[in-house]
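With chain S held as given, fit chain V onto it using these hints.
There are 2 protein chains.
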Amino acid sequence: MGLVVQKFGGTSVGTIERIKNTAKRVIAEKKKGNDVIVVVSAMGKTTDQLVSLAKELSPYPSKREMDMLLSTGEQVTISLLAIALAEAGYEAISLTGWQAGILTENVHSNARILNIDQMRIQQYLKENRIVVVAGFQGINDHNEITTLGRGGSDTTAVALAAALHADKCMIYTDVTGVFTSDPRYIPSARKLSAISYDEMLELANLGAGVLHSRAVEFAKNYKVPLEVCSSMEEESGTIIEEEVQVEKGLVVRGVAFEDEITRITVFGLKNKITNLSGIFTSLANNNIDVDIIIQNHTVGENPYLSFTIKHEDLRDTTQLLEAKQGELGFDHFEYESGLAKVSIIGSGMISNPGVAAKMFDCLTRNDIQIKMVSTSEIKVSTVIEESHMIKAAQSLHTTFELDVVEQGVS
Amino acid sequence: MGLVVQKFGGTSVGTIERIKNTAKRVIAEKKKGNDVIVVVSAMGKTTDQLVSLAKELSPYPSKREMDMLLSTGEQVTISLLAIALAEAGYEAISLTGWQAGILTENVHSNARILNIDQMRIQQYLKENRIVVVAGFQGINDHNEITTLGRGGSDTTAVALAAALHADKCMIYTDVTGVFTSDPRYIPSARKLSAISYDEMLELANLGAGVLHSRAVEFAKNYKVPLEVCSSMEEESGTIIEEEVQVEKGLVVRGVAFEDEITRITVFGLKNKITNLSGIFTSLANNNIDVDIIIQNHTVGENPYLSFTIKHEDLRDTTQLLEAKQGELGFDHFEYESGLAKVSIIGSGMISNPGVAAKMFDCLTRNDIQIKMVSTSEIKVSTVIEESHMIKAAQSLHTTFELDVVEQGVS
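Chains as they are written, first to last, in UniProt numbering: chain S, 1 to 410; chain V, 1 to 410.
The shape of chain S in the complex, shown without the other chains (with noise of 0.2 Å):
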């Protein structure tokens, strides 16, 4: 029939039990009549033991040999994979992500696909076999192993089913689809049955931890039919998909939160251009991500600055700004910790102007005060003090009526 590209995580394959449990849902989808491809991260807890491994020898090791070094994570698992199914009599050959024709920048850690090679991964599939590739590596043209960040299995599976123009992307993973909210907090966060990339993408950012942002652009530039479904339990997942068919009047989709946010305010940056930009330069080039920045500059008052890091950013960012205060040309800055990030997601929102304002007006009542906002067009963020994150996200689960309807209904 067609052609099938399923994604598993380290949890998946995390033990020999799971690698031969994840053998027969590859079989599944083969005995469908489909051509199938599977794509693996590293087994469990792999790749965090690997960097443990670096770090007692440095505590600042060469990207490009922690590249070397975790790609060997996945490498092992294409080949037990590999093993299990042809043990159980289908006829499967792994490949790392140089063979599989995976080619990227010349970045090390966290580099983007740039092309893939399919001649090796087509004749295979002619061949009738099953093909099973590393996540999350690739080679670039000096014939260096990268490796492609956070997520990048996912980014991976959505690359190849791209190129290949597969029918269909499956990640599989340890929940059973897209929640409204974070069912471990939110007990009563309810499945979606369909999202659009666009949701899914601000949801991806604002850490719901499903599916790699990066995945998920990839997904929606080439329109990529994505699953997302759990590797473990025989139900449906959630689909991704260009244009989600919303019951009336449900204009958001769903509430994410992130904690562990501090918010930097710098003071008297003198009114140029190119120190503002100087900031973001330096932040970007010292891998410090920055989300939600909101710049008062009104005539004839001193202007300033403010913008949200993860906490486990703030000692390079306060080093950083330290250091480069005189060449960026401000007063002084100032930080607050402890704070945490609440969000609304959904399409919906665009036509409805109201709904920020019922947000805010939800927090309000729940003597929730709000420190920042930011919105786009599907998403209302807001930053608030840590220890009411979850107060909020229930609150606001409850007023926009998540908790009781079945969504996204395709």
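I should point out that these hints are in silico values taken from the structure, not numbers from a laboratory.
Careful, some of the hints might be misleading.
With a Cα cut of at most 25 Å, we get these calculated DSS-like pairs of lysine-lysine [said to hold, decoys possible]:
(1) S:Lys24 / V:Lys63
(2) V:Lys24 / S:Lys55
(3) V:Lys24 / S:Lys63
(4) V:Lys63 / V:Lys191
(5) S:Lys270 / S:Lys371
From a predicted model like this one, the values you see are computed outputs, not experimental measurements.
Just chain V now, kept in the frame of chain S:
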């Protein structure tokens, strides 16, 4: 000054501490002003652990997938050692087998090196970097990862030393050199300061275990100066070279022994040359190593054929002979397990016809029955009861004066 290839086995890189220690050894060589290429094996028991994982999935995993799996072991070590060297302030770069241009036959699990594309290594050496190469692995002309079999890292080191005309190839191991016999069983065994390639080859083939025979052959063919030394202790090792000065009268330079030998005897073999070659071709095709072969072929008598195998190959061998009895044309076969091989080795033997007689006399005086004998120009091997193996080796070690005299001072 020159170019030195250093090889460190699994024990020498078995822990983070040992990797740091190995880095010191490498740096010491670099500090002498040499260019340095380091070849490393997988950490400690990694390879065995990976084999166990695969065996949990399949009793007979595909060799191609096993190469994919096992080659990750060395890849982990090279990156960690490169990180350790960088942390100590030395520019280092790790290379997998395929990155180092190690081209092999199209065979999995036991491939021979065909050629080395030196371009990349030469470039890095020019840049004054320490090059860390994954041992045991290569790539064939289908871009498949291959491995070189047991002791393959030794072969990688010697092959690199040969291709790049290194001044020395140092094999660091968990013993301090090559001994007159195995010191674990023969307490009076002494370290040889030098030994010839041919003598080392016989010792390697006889299971002395210090160096893989394929590596020694390679070194002999390309006249690579080898030194076996300890990765733990600061003492000089054993030099392996073309000609070794031998003290007058010291015709025997080592006593080797190996247990778990089984003798197969085939009776009533039809007197056709094709039958004899048929048996050994069949055994070779099934990866059964045959060692000593004795054929008794007297006119008028029905000839018989005896050969020895490793005990672990007994089941495969009997199944094969049973299956091919008709085709190979023999009456029946018998086997005897619980045997051992004890050998004396020395280049001086060739001009001393009394050596074999002295050996047999020594064994007879110790009431040890000799079941088979095989001789070459530099060795005499006997097959005896396994229970007498250590006694035989110790007696021979004393008889040939290996206990007391400093050996092979070059």
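Going down the list of hints, with the structure as the test:
1. Between Lys24 (chain S) and Lys63 (chain V) the alpha-carbon distance is near 22 Å, which keeps this suggested pair within the 25 Å criterion.
2. Pair hint Lys24 (chain V) plus Lys55 (chain S) holds up; C-alpha atoms about 18 Å apart against a cutoff of 25 Å.
3. Using a Cα cut-off of 25 Å, the hinted pair Lys24 (chain V) and Lys63 (chain S) holds, with the two alpha carbons roughly 22 Å apart.
4. A hinted pair counts as satisfied when its Cα atoms are at most 25 Å apart, and Lys63 (chain V) with Lys191 (chain V) does not qualify at roughly 38 Å.
5. The straight-line distance between the Cα atoms of Lys270 (chain S) and Lys371 (chain S) is roughly 24 Å, inside the 25 Å bound, and the hint therefore holds.
In summary, the one numbered hint that this structure violates is 4.
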